[in-house]
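K.L.:
If you want the building blocks of each chain, they are given just below.
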Amino acid sequence: MSWIPDRYRDLLAMVGGVKPERDVSDELAHHLAMRVAETVARGMSPEAAQAEALARLGDVDAYGREVRTIDAMAARGRHRIDVRDALGREVRLAVRGLRRSPGFSLVVFATLALGIGAATAIFTLLDAVVLRPLPYPNETRLVWIESDVSGASSGPWGVSEAGYFYYRAHNRTLDAVGAFAIGDAPIATREGAESVPAAFTTASVFNVLGLRTVLGRPIQSDDDRPGKGSVVVLSHRFWMREFQGDPGIVGKTIRLGDESRTVVGVLAPGEEPPRQSVDLWLTLNLDPASPPVNSHYLTAVGRLAPGAEITAAQRDLASLTQRFPRDLPGAYSVDFMRQYHFAPDVLSLRAAVIGDAARGIWIVLAAAALLLVVACANVANLFLVRLEARRREVAIRLAIGAENAHLAWHYLTESLVLCLAAGVAGLGLASGAIRVLLAMAPSTLPRLAEVHLGWASAACALGLAVAAGAVFGALPLVRLRVDVDTLRDGSRGLTASRVRHAARGALVVTQTALALVLLAASGLMVRSLLHLRDVRPGFDPHGVIALDVGTSASHNATYEQAAAFWHALVDRVRAIPGVDGAGAISSLPVDGPGTCAILNIESHPLARGEQPPCVARPIVTPGYFQAMRIAVRGRAPTWDEVESHSAGVVVSGALAGRMWPNADPMGQGLNAGGQPPFFRVVGVTGGVRAAGLDHPPTEVVYYPLVPITGSGLWGPARGLTVVARARSGSPAALVPAIRRALKDLDPEAPVANVRTMEDVVAHSMARTTFTMLLLGVAAAMALALSAVGMYGVIAYLVGQRRGEMGIRLALGADGRRVTRLVVGESAKLAATGVVIGLAGAAAVTRVMRTLLFDVSPTDPLTLGAVAMLLLAIAVAAAWVPARRAARVDPVEALRAG
Amino acid sequence: MATQLDLVRGTLDMMVLRALSWNAMHGYDIARWLERVSDDALRVEEGSLYPALHRLAARGWVTAQWGVSENNRQAKYYTITSAGRRQLRQETETWGAFIAAVAKVLEARPA
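Taken in sequence, the protein lines are chains D and A.
Numbering follows this note's numbering, in which position 860 of the first sequence is assigned residue number 860; successive positions increment by one, without gaps.
Numbering follows this note's numbering, in which position 88 of the second sequence is assigned residue number 88; successive positions increment by one, without gaps.
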């Protein structure tokens, strides 16, 4: 261990704890021996002497133990003080060294703090959203069950009631299965009727998720029997908000629309269904005896039986599903199964909750890591420069007898102190950055409530700091073989050594390459966002307010009642001063296409065994298209037609193009059942992107509120989203008037989700915007850091080559040539970095494909632009030192050299 | 009981410091010295000297070093430090005052 200098050996010994060489038993033995010897000398027999000596000593073992306790405590106290002193000494030495070069220390500190802060903030986000288990007991055994329908154009479906019961009764791999649906419940609050989010669940969901109550009890299977539900469990948040945490709430009744429910329990804080958060938990009261229906509105969750794997559950449920046509023929025909490729999909609950958020966060974390590497390259450069500047100091120290090892340890301590300080500052920066992130993060990002700076973040920041400190501290080890010749070699030579240049050049090249990758990634996101902004949603979102309105039973028992209610409401809203058009629809565009329904076309009767397509089927009122400024060729049905059971339908251009490519869609017949009478197409809209801006225009059939005579629809509309266009100014100003209009009509009608259409559109781009912003910040920081790095290296090179420049100028080179020489050097380094970076970007940006919209991961425009930007920055960074080189006074330079 | 024990322990520490105030001694030396100067009147269990010595060492009032005793045995010698001397002085004064006070009480007549 000769390579460890004494003071570190002492430190290690202290940390390890040193065993005393001798124990109190030696002392006691000595005492005993002396007493025996003396007594024997007085003429006593050795045995008797021994006995007497022992008696005089007392309980030797007890005294021995007491002494050992005293010694151990004393040793611990001493030890603590010694370690503190030794550490303090080393740190004081290091701090003194660092304060002698404040510029270096400050720049290293700030650069590293920035890099570590960014990496820690993003790591914290990743840890909370992706890595940490969900807050359910047995989280690793929980699964999410959905239906994969690759044959349908829409994404995965949920589970049907019949399917849920079938899985529950026959599976062999799940301990427990539960099903729930998220919906709204109308509730009277102090501000009037309001819709609050609610989970309608089977009792088993409480068991599967292990939900805990703070008051009362969870929903039990008795509450969930077929028939009408009569109980409700409150979320902790709702209980605090609406009942101020009333401890006597259990047993009271609350009114939900037309029904009243008894509160049986309050959940513990933070207990939520996966993916959403809700205020109320109500029962589903499913009836296993009801005839099976092909409607997949339930979300199913299960807990794996001990020893069962997800793949086994997947196989188990898949084989059960194959028996659906035989056992549930009413809902699942063989044709349906074949055409939709209907199969269950069992996912781990965590994977289902996180969804595709994980990829974006990983990419941003990778960006933060690259940024950290860029920062470290800068710092490494600074350390190398400092080492260079210290060569003479080192040589002198060695010459007067310092050991290499001493110096190495000193540098290590110095670097560790500096990096740890930067790590602590980075943690502080991360804490601020997380607050900003949370404020900006799209609400579609799951588990945001769980994000906070914790032990994992601290470990990340300090771990990075220690690693950086160790690496930078070890740099001198490589370079310590400076021999004493440096001293004798009075002059430093006019050009610096090639190896040293190569090392520094390599750092700049790396930095440039990484900055290019980051710039390319954020450039691609910017391009995606610009493309998304340019997409025409098919309607005009500016100046439109939307709010969800529910109805009470007296207004939705029949189609006629519903039509009268919505007609009156739309008319009243349109009559509000400042309103330029109003209407209502069952599912707003961009939010999602809404439910789909089977579509039969009169002119194309189905062939045998052919399944009809499932097409989005919103219900609209007259006035909707005009209020949203959706272009309609032909016309929309009028209230007269609606109320006289003779309204036609409007279809989207995308659907018309597919169904009647060579015919005029006007007047064509369609419906869901395939039997006459058919609804007549009276209008065709332009392309509306109902499924989101990054999806193609949607196929839609807009049905009227009231079916035509002899036909049916999906029941009278219970709730619609009312849209109103403001003539000028903010559409949000219309909300109080709309609420008043509604109150006049039905004081109990609940309102929910008031939002502007602009918000709806922005919301759909939120995740892209967020990713772009994060990558953009990382790229900007990397750009700044690499510009600083480039400047530093070129400035240093120029400083080193003053003598050479002096000679060149003395021999007649003009200033411009010297400038070109220096700038050329920088451009060469940058160009190398750019070439490597382009190759890297081409390889790396491919993982971003799913985040991009309408941009190739190797978009030449983006890559070209960022390459030019980096080269320009490199030239600009070299410009100042190059001018300085050109103004070198040859005489002075040569004399100094 | 506890106070009495503490008193005994405190006095033992004081006596050990006193013993060391002339020169360095090992544990047995101290035992012999106590025996001699108190005419064997103070019957201390000799083993209790060792916790006392180590306690004094932990407080920095004595230091210890292994050496060779008169008859060529390995023995641990204790030396008083200047902090130990200060402590001894202070305790002796306190003790004197205490004894004087107790004596006054015992000699007092009924008022």
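Please keep in mind that the hints were generated in silico from the structure rather than gathered at the bench.
Note that the structure is a prediction, hence the values are computed from the model and not measured.
Any given hint could turn out to be false.
One side of the interface only, derived from the structure: several residues of chain D facing chain A at Cβ under 7 Å [claimed, not checked]: (1) His30; (2) His31; (3) Leu54; (4) Gly58; (5) Val60; (6) Glu66; (7) Trp714.
Pair ranges (Cβ atoms, derived) [said to hold, decoys possible]: (8) D:Ala72 with A:Asp39: 31 to 39 Å; (9) A:Gly60 with D:Pro247: 34 to 42 Å; (10) D:Asp61 with A:Ala83: 43 to 51 Å; (11) A:Arg86 with D:Ala456: 50 to 58 Å; (12) D:Ile396 with A:Arg86: 26 to 34 Å; (13) A:Asp39 with D:Ala75: 25 to 33 Å; (14) A:Gly67 with D:Pro102: 47 to 55 Å; (15) A:Arg86 with D:Ala389: 47 to 55 Å; (16) D:Ala75 with A:Ala83: 51 to 59 Å.
Backbone N, C-alpha and C fix where the C-beta goes; we use that ideal spot for every residue, glycine too.
K.L.:
Decide, hint by hint, whether the structure agrees.
P.N.:
The hints, checked one at a time:
1. His30: Holds, about 5 Å.
2. His31: Result: holds, 5 Å to nearest chain A Cβ.
3. Leu54: Violated - the Cβ of leucine 54 of chain D stays beyond 7 Å from chain A, reaching only about 10 Å at its closest.
4. Gly58: Holds, about 3 Å.
5. Val60: Hint on valine 60 of chain D: holds, closest Cβ of chain A at ~6 Å, below 7 Å.
6. Glu66: At about 4 Å, which falls below the 7 Å cut-off, the nearest Cβ of chain A leaves the hint on glutamate 66 of chain D intact, so it holds.
7. Trp714: violated (87 Å)
8. D:Ala72 with A:Asp39: 31 to 39 Å: The hint (31 to 39 Å, Cβ to Cβ) holds, given that alanine 72 of chain D and aspartate 39 of chain A are roughly 37 Å apart.
9. A:Gly60 with D:Pro247: 34 to 42 Å: Given about 60 Å between the Cβ atoms, the range is violated.
10. D:Asp61 with A:Ala83: 43 to 51 Å: violated (31 Å)
11. A:Arg86 with D:Ala456: 50 to 58 Å: holds (53 Å)
12. D:Ile396 with A:Arg86: 26 to 34 Å: violated (47 Å)
13. A:Asp39 with D:Ala75: 25 to 33 Å: Violated, at about 38 Å.
14. A:Gly67 with D:Pro102: 47 to 55 Å: holds (54 Å)
15. A:Arg86 with D:Ala389: 47 to 55 Å: holds (53 Å)
16. D:Ala75 with A:Ala83: 51 to 59 Å: Because 19 Å falls outside the window, the suggested range is violated.
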